[in-house]
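*Asks:* Fit chain B to the supplied structure of chain A, relying on the hints for placement.
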Amino acid sequence: MPQRLDYLKETPSQTAGPYVHIGLAPGAAGFQIYDQELGWEIAGPGAKGERIRVEGVVVDGTGSPVKDVLLEAWQANAEGIYAHPEHPGDVEEGFRGWGRVITDFETGEWGFETVKPGPVLGRGGQMMAPHINLWIVARGINVGLNTRLYFEDEGEANAADPVLNVIEWERRRSTLIAGRSERGGKPVYRFDIRLQGEGETVFFDI
Amino acid sequence: MSTPPKQGEFYQRDRRWHPPALSQDYKTSVTRSPQFPLISLENTASEITGPAFGHNDINATDNDLLSNFAQPGESPIGERIIVHGRVLDENARPVPNTLVEIWQANASGRYRHKKDTYLSALDPNFGGCGRTLTDENGCYHFRTVKPGAYPWRNWVNDWRPAHIHVSVFGTGFAQRLITQLYFEGDPLIARCPIVNTIPDPEAVEMLIARLDMNATIPLDTIAYRFDIVLRGRRSTLFENRLEGN
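In the order they appear, the protein sequences are chains A and B.
The opening position of the first sequence corresponds to residue 1 in this note's numbering, with each subsequent residue numbered one higher.
The opening position of the second sequence corresponds to residue 1001 in this note's numbering, with each subsequent residue numbered one higher.
Think of the hints as simulated: they come from the structure by calculation, not from any bench.
Careful: at least some of the hints might be erroneous.
Lysine-lysine pairs mimicking BS3-like chemistry, simulated, CA-CA at most 30 Å apart [said to hold, decoys possible]:
id, chain 1, residue 1, chain 2, residue 2
1, B, K1115, B, K1146
2, A, K116, A, K9
3, A, K67, A, K186
4, B, K1027, A, K9
5, B, K1146, B, K1027
6, B, K1115, A, K67
7, A, K67, B, K1114
8, A, K48, A, K116
9, B, K1027, B, K1114
10, B, K1146, B, K1114
11, A, K48, A, K9
12, B, K1114, A, K9
13, B, K1146, A, K9
14, B, K1027, A, K67
15, A, K186, A, K48
16, B, K1027, B, K1115
Okay, chain A solo, but in the shape it has when bound (with noise of 0.2 Å):
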C-alpha cells in the first residue's frame, strides 16, 4: 500500500453575491436583526494613537465605482500590536482591530474611523511599514482579494517596507499607498481601489 498524505483540502471559496449585506451587515439591508452588528467599531474610544478616517471607493474594469462591496480591515494597534494571542504584547481595552464596511448603494463611498497603526515586526527582524490589511468580496468577486493599505506620509518606512520591495514593478507600489489630506482638522486617507486596468491595485496572494 503507498504511503498517504492524509491532509484536507480547504473549502473553496464562492462569489458574497449581491446581497452579502443581509448577513454581515443587515442593517444595510434594510432590516434589524441583532442586537449588536460586528465591525463598526475598529479602535474603541480607549485606543491610543492618532484618530484618522480612511476612505475612498472600488472600481471596476470600466472605471465604474462598484456599489456592493464589503470590506474588511485588520490592523495592529499603535503599537504596532495585533489585538491577537499568538502577538507579544497587548492592546488597549476596546481596541479589536478588525472592521468591516461596505460602499454606499448610490455612490460606492465606503469609509472608517481608526488609529493609525504603528510599524509590525516583520520577518528576519524587518521592520513593517505601518499598514491596514484589507479583504474584498463582492459581486463578481470569487474569491475575497487581500491588499494592504500603506500611508503617504511614512515615505521612509514604505521605501524600506519588506511587502512593498517584493513588488517588482516599482510603479505598481504606489497603488497601495493611501494619499493623506485634512477634513475638519482631522486626517483623512484616501484609498481608492482598483480592481482591473489602469492603474490596478496590487493584490496579494497571502
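*Replies:* Here is chain B on its own, set in the frame of chain A:
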C-alpha cells in the same frame, strides 16, 4: 494565558482548487477580476493573526433563523432544516470558537434586501441571517428553512440552485473565507455558472451538504451536514523565522 504551540505559515492556498478570478460564464467577474497575477507573500504577523469573537459579541439565539425574525408564536413558511457540521483545518484539527455567519433567501427564493426585486413574496417571519461560534470541537449548528432557487440576470434563463452563503474566520486573516452551501441532489447545481467557476468537480462536491437522517429530529426538522475546511498551518520544525529570530 497559556502559550499556544509554535506554528508557522499557513499552507499555500491551492488556487487551482478555488475558482479563478475571471470566469467568462459568470459575467460580473469579467470586469471585477484583476488582470495582473496576485503577488505571493510569505506570511507575517499581519496574515497569521486575525480577529477573535466571543459570546459577548452575539446572542445564543442568533443561530435560529426559524425564530430570530419571527413574530411571537409565528414561524416562517418552508421546509424546516438543521444545518450542522464542523469547522476543521487542513490537518483535520477542529477550529474552536470561530465565528460562522450565514445568509440566505426564504423558501420562495426571495431575499430580505432592498435591492432584491424578484416577484416572489417576502416572508414576514423570516429575516435570513444567522451567526454562531463553533464549540470546543469545532461544531456549529443552525436552524432555518431550506431556501428556494431564484433567477438572476446572467444568461437570460439562469437560476441559482438553492444555497446558503457561509462566512468563516478561523484564527488568522489568511483563513478568511466566504463560500456557498448547496443541497444534495439539486439538479440546478450542475447548470450554475457560479458553481461552475470551480474547475474541479471534487471541489464542487465539498460544497454540497448531505442529507443527514441521523441528525434529523423526527416529526420536526430535517437535517443537512456541512463540514468546512480552512487552511492549515505548518509546524515550525526547524526554523522560526516568523518571530524574527
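*Asks:* Take the C-alpha atoms of K116 (chain A) and K9 (chain A), compute the straight-line distance between them, and say whether it is at most 30 Å.
*Replies:* violated (37 Å)
*Asks:* Regarding the pair K1115 (chain B) and K1146 (chain B), is the alpha-carbon distance no greater than 30 Å?
*Replies:* holds (21 Å)
*Asks:* Compare the distance between the alpha carbons of K1146 (chain B) and K9 (chain A) with 30 Å, and conclude whether the hinted pair is satisfied.
*Replies:* holds (27 Å)
*Asks:* Holds or violated: K186 (chain A) and K48 (chain A), Cα atoms, limit 30 Å.
*Replies:* holds (16 Å)
*Asks:* Tell me if the straight-line CA distance from K1115 (chain B) to K67 (chain A) falls inside 30 Å.
*Replies:* holds (11 Å)
*Asks:* Below or equal to 30 Å on CA atoms is what counts here, so check K48 (chain A) against K116 (chain A).
*Replies:* holds (9 Å)
*Asks:* Taken at face value, is the distance from the CA of K9 (chain A) to the CA of K48 (chain A) at most 30 Å?
*Replies:* Measuring from Cα to Cα gives roughly 41 Å; hence the hint is violated.
*Asks:* Can the restraint linking K67 (chain A) and K186 (chain A) be considered satisfied, given a maximum Cα separation of 30 Å?
*Replies:* Cα-Cα ~26 Å, so holds.
*Asks:* Assess, step by step, whether the Cα of K1027 (chain B) is no farther than 30 Å from the Cα of K1115 (chain B), and give holds or violated.
*Replies:* At roughly 19 Å apart (the allowed maximum being 30 Å), K1115 (chain B) and K1027 (chain B) satisfy the hint.
*Asks:* Keeping to a limit of 30 Å between CA atoms, is the pair of K1027 (chain B) and K67 (chain A) held or broken?
*Replies:* Cα-Cα ~16 Å, so holds.
*Asks:* Check whether the Cα positions of K67 (chain A) and K1114 (chain B) lie no farther apart than 30 Å.
*Replies:* holds (14 Å)
*Asks:* Verify the proposed pairing of K1027 (chain B) with K9 (chain A), using a straight-line Cα cut of 30 Å.
*Replies:* holds (27 Å)
The earlier numbered hints that this structure contradicts are 2, 11 and 12.
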